[in-house]
Amino acid sequence: MAERRKYKKRFCKYCEAKVDFMDYKDVGALRFSLSERYKIMPRRLTGNCKRHQDMIATVIKRARAAALVPYTVTRKTVVTAPFENLR
Amino acid sequence: MRHYENLVIVKPTLTAEEIQANISAIEEVITSNGGEIAARDAMGMRKLAYPLGKNERGYFHVIYYSVAPAAINEIERRFRINEDLLRFVTIKYDTNREVIAWNQLVQKAQKKATQPVSETKVEEVVIPAALEENDDEE
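As they're listed, the protein sequences go chains A and B.
If you read the first sequence in our numbering, its first letter stands for residue 1, the second for the next number, and so on.
If you read the second sequence in our numbering, its first letter stands for residue 88, the second for the next number, and so on.
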């Protein structure tokens with residue numbers, strides 16, 4: 001089984017930073033857990049722990065409702081750099 | 088009393104004075120329902136991640152306050168009546184951990200409000216320039 005593991009063992013970035021609370025307005029921090037098309041990245045790819053994945057999922061959904069993060073990005077509705085405000 | 092946070096997006100087509108009048112009206116809705124505003128954070132005019140009623144931009148304003156939970160229904164009802172509000176998001180801070188975070192956010196917002204104006208000016212200059220570039224590309 002050990003041979004099958006293609007990537008090195010992943011760890012939770014949020015656990016390492018000891019994140020207790022995430023703010024949905026801080027969009028730059030959400031970027032790590034979002035794909036190019038602004039989908040929520042699965043835990044198996046980011047290595048987040050269950051607790052922090054649950055937190056980030058609710059926070060991203062809040063940010064989507066507040067029009068800070070797009071729901072979807074398709075070829076028709078391309079979002080031009082939605083993170084540009086965060087500099 | 089419970090801690091809450093409200094993010095409101097005001098229509099970008101209004102003038103600056105109208106926006107300020109609108110925001111003070113929004114704050115009055117909260118205070119008239121027994122709320123105590125702890126801090127406010129004007130995020131300013133920003134580009135929306137997706138169009139809201141054909142508006143590409145919006146004026147973001149965040150209000151931190153505490154009210155009795157029963158009053159939230161009435162506050163949200165009043166917000167829905169207001170046609171100049173594109174969107175509002177109400178967040179409840181209930182558990183101990185969230186209340187600590189709420190206090191930190193309030194302090195952060197108060198610090199930001201007391202800081203010199205020069206920083207916000209720089210942001211205002213940067214954002215329109217970035218938007219224009221994007222318009223050219225389209």
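Simulated from the structure, these hints should not be mistaken for laboratory data.
Warning: the hint list may mix true and false statements.
[To be verified] Derived DSSO-like pairs (lysine-lysine); straight-line CA-CA distance at most 27 Å:
#, chain 1, residue 1, chain 2, residue 2
1, A, K13, B, K141
2, B, K98, A, K13
3, A, K61, B, K199
4, B, K199, A, K50
[Said to hold, decoys possible] Restraint ranges, calculated between C-beta atoms of paired labels, are given here:
#, chain 1, residue 1, chain 2, residue 2, range
5, A, Y71, B, T201, 33 to 39 Å
6, B, R167, A, T72, 37 to 43 Å
7, A, D54, B, P156, 31 to 37 Å
8, B, R167, A, D26, 24 to 30 Å
9, A, F11, B, N183, 24 to 30 Å
[As the list claims (entries may be wrong)] Short, incomplete list of chain B residues facing chain A, as computed with Cβ under 7 Å:
#, residue
10, L94
11, G131
12, L135
13, Y137
14, V176
15, R184
16, A188
All C-beta atoms, glycine included, are put in the ideal place defined by N, C-alpha and C.
Problem - Numbered hints the structure breaks, given as an ascending list - result: Of the numbered hints given earlier, those the structure breaks are 1, 2, 4, 6, 7, 11, listed in rising order.
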